[in-house]
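If you want the building blocks of each chain, they are given just below.
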Amino acid sequence: MKALFIALSLLVAVLFATSLLTGPAGLPVVQSLLDLVFGGDGPVPIVMREIRLPRAILGLAVGAGLGLTGAALQGYLRNPLAEPGLLGISGMAAFGAVLAIQTGLSLVAVLALPLAALLGAAAGVGLLVVLAGPRGGSVTLILAGVAISALAGAGTALVLNLSPNPYAANEIIFWLMGSLADRSMLHVWLALPPMILGAGLILSTQRALDALTLGEAAAQALGLAGPSLRWRLVAGTALIVGPATAVAGAIGFVGLVVPHVLRPWIGARPSVLLPASALGGAALLLAADIGVRLIVPDRDLKLGVLTAIVGAPLFLHLIWRTRSGGRV
Amino acid sequence: MVIDLAGLSVTRRKRPVLHGVTLSIGKGEFVGLIGPNGAGKSSLMEAMLGLIPFTGRSSLAQMTPADRARHAAYLPQAREIAWPVSVEDLVALGRIPWPGGRRSGADRAAIDAAIARMGLEPFRKRTALRLSGGEQNRALIARALAQDTPLLIADEPIAGLDPAQQLACLRLFRDLAVEGRTVLASIHDLGLAARFCSRLVLLSGGHVLADGPAAEVLQDTLLRRAFGIGVRRVETPDGPAILPV
Chain Y
1 MKALFIALSL LVAVLFATSL LTGPAGLPVV QSLLDLVFGG DGPVPIVMRE IRLPRAILGL
61 AVGAGLGLTG AALQGYLRNP LAEPGLLGIS GMAAFGAVLA IQTGLSLVAV LALPLAALLG
121 AAAGVGLLVV LAGPRGGSVT LILAGVAISA LAGAGTALVL NLSPNPYAAN EIIFWLMGSL
181 ADRSMLHVWL ALPPMILGAG LILSTQRALD ALTLGEAAAQ ALGLAGPSLR WRLVAGTALI
241 VGPATAVAGA IGFVGLVVPH VLRPWIGARP SVLLPASALG GAALLLAADI GVRLIVPDRD
301 LKLGVLTAIV GAPLFLHLIW RTRSGGRV
Chain R
1001 MVIDLAGLSV TRRKRPVLHG VTLSIGKGEF VGLIGPNGAG KSSLMEAMLG LIPFTGRSSL
1061 AQMTPADRAR HAAYLPQARE IAWPVSVEDL VALGRIPWPG GRRSGADRAA IDAAIARMGL
1121 EPFRKRTALR LSGGEQNRAL IARALAQDTP LLIADEPIAG LDPAQQLACL RLFRDLAVEG
1181 RTVLASIHDL GLAARFCSRL VLLSGGHVLA DGPAAEVLQD TLLRRAFGIG VRRVETPDGP
1241 AILPV
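Protein sequence lines correspond, in order, to chains Y and R.
By the working numbering, the letter at position 262 of the first sequence is numbered 262, and the numbering carries on one by one without gaps.
By the working numbering, the letter at position 229 of the second sequence is numbered 1229, and the numbering carries on one by one without gaps.
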């Protein structure tokens, strides 16, 4: 198991470096890394520090966040089909961003779109708290999340429907596909602090998630799994998924597939799956973000499209492999 | 007293489930909780642990959740194993309330002892979900044993076990009581309950109908009131055999 963590960490490090070295500018490897660290004159340090570094950091953070929240929600709901978008927070964040594009706010300031997305995410959490109530079980939480997702989806569809010209609709659709292109360090500073806080909250649930392997009553009798667990998970997920959607758009399948792939490798223990999925998610998203730059460099392939194209067959393969066992 | 309940009542969805249960169980007792389906046995166990809302007083529910988890282990009736973890990892979940991150010397010793006591050595590295129902049940009992608490509360621990494993499980619970621990288990087999438990509590319609040694509790009138059936007793060299008729 230690070997798996070392391998995943190395993979993430290599992909992070590769992400820094990939781009249309075609910079020399050694020179660009030196300029990244020590700065200097000319365009190379600017490209490295202002364009590629934020992109790589966001790829790492968003991927790790999606992997972590996916694993945590699967553990909490004891359902391998759970994924970070389940609570409706990413849907509401996307709706907030779509409104910002539609109203032209996104053109006023760089951060207007991500801030609108964060507002949407906050509204989603508010709705979730009101709908799921203080005492409801995990099923209430899922149903509330599904209802909020549907509402956000309907809102997004309405905006698209009423968009004044095809260009606005086009922009919205492309934003919804998810991308890390042209993000700045401002995006990093906006997204990273809440995501780190959320990761801390989620990692504090490790023992409780393990206990939930035995069911809710047994976990409660083990002194864990009270209502506080639920709110720590909801808050942690919101603090990660909200900012992730705000800066990267809607990126599917990472939070669903990564915990699945890694579960057999770590003995299926939910607590160990959290850090493993974070590393795996980071690796997958960094790889996908390198992929969109290399596969069709001149056509702006969207990140969310690539993760879905890679993720869906992988998921099908996993189902194919496990269907004989009757369980995941 | 290990368990001290006074006037414990539970109402679920406006339907009264338990009314004013008063019960004290001391160190070294193996108490069998008997009663018909729906008598409130599981509700009583969950309420005394403070897992469901109740009125009245329960000494266990007064503890903080962390203290209570080091005092009482609970085996719920619904045997759930959500993920394909190994038997060893499953049993290790019993160590969650204790400091040491499941790798301290005390943790290892408790896990090994629980696995040995339930005869799970051959299954140790196997995936718990791939075992048979009875084997999974034993692994879950071992999980509760690994919690290493003075009190074990088990909801129908022998349901689904073969006759040899039923005997082994009840012998183990009796041994635990002899060692000075306390066991409260709901059991449907009246004959086995009479043979192994030091005391029986008969629950019916949310009330304690009888409480005491097997001979006092398993009277015809009481059993007829609780279950609506009669029983035939046959004295054997191995203890009384009780046949529901």
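These are calculated hints, taken from the structure and not from any lab test.
Incorrect hints may have been included.
To spell it out: a stretch of chain Y is covered by chain R in this simulated footprint if at least three of its residues, at any positions, have a beta carbon under 8 Å from a beta carbon of chain R; those stretches are [claimed, not checked]: (1) 206-214; (2) 268-278.
Listed below are several chain Y residues computed to face chain R (Cβ distance under 10 Å; list not exhaustive) [to be verified]: (3) S9; (4) A13; (5) A17; (6) N79; (7) L81; (8) A157; (9) A221; (10) G226; (11) P264.
Glycine included, every Cβ here is placed at the ideal spot set by N, Cα and C.
Evaluated hints:
no., hint, in the structure
1, 206-214, "holds (count 6)"
2, 268-278, "holds (count 3)"
3, S9, "violated, 21 Å"
4, A13, "violated, 27 Å"
5, A17, "violated, 33 Å"
6, N79, "holds, 9 Å"
7, L81, "violated, 13 Å"
8, A157, "violated, 36 Å"
9, A221, "holds, 4 Å"
10, G226, "holds, 7 Å"
11, P264, "holds, 8 Å"
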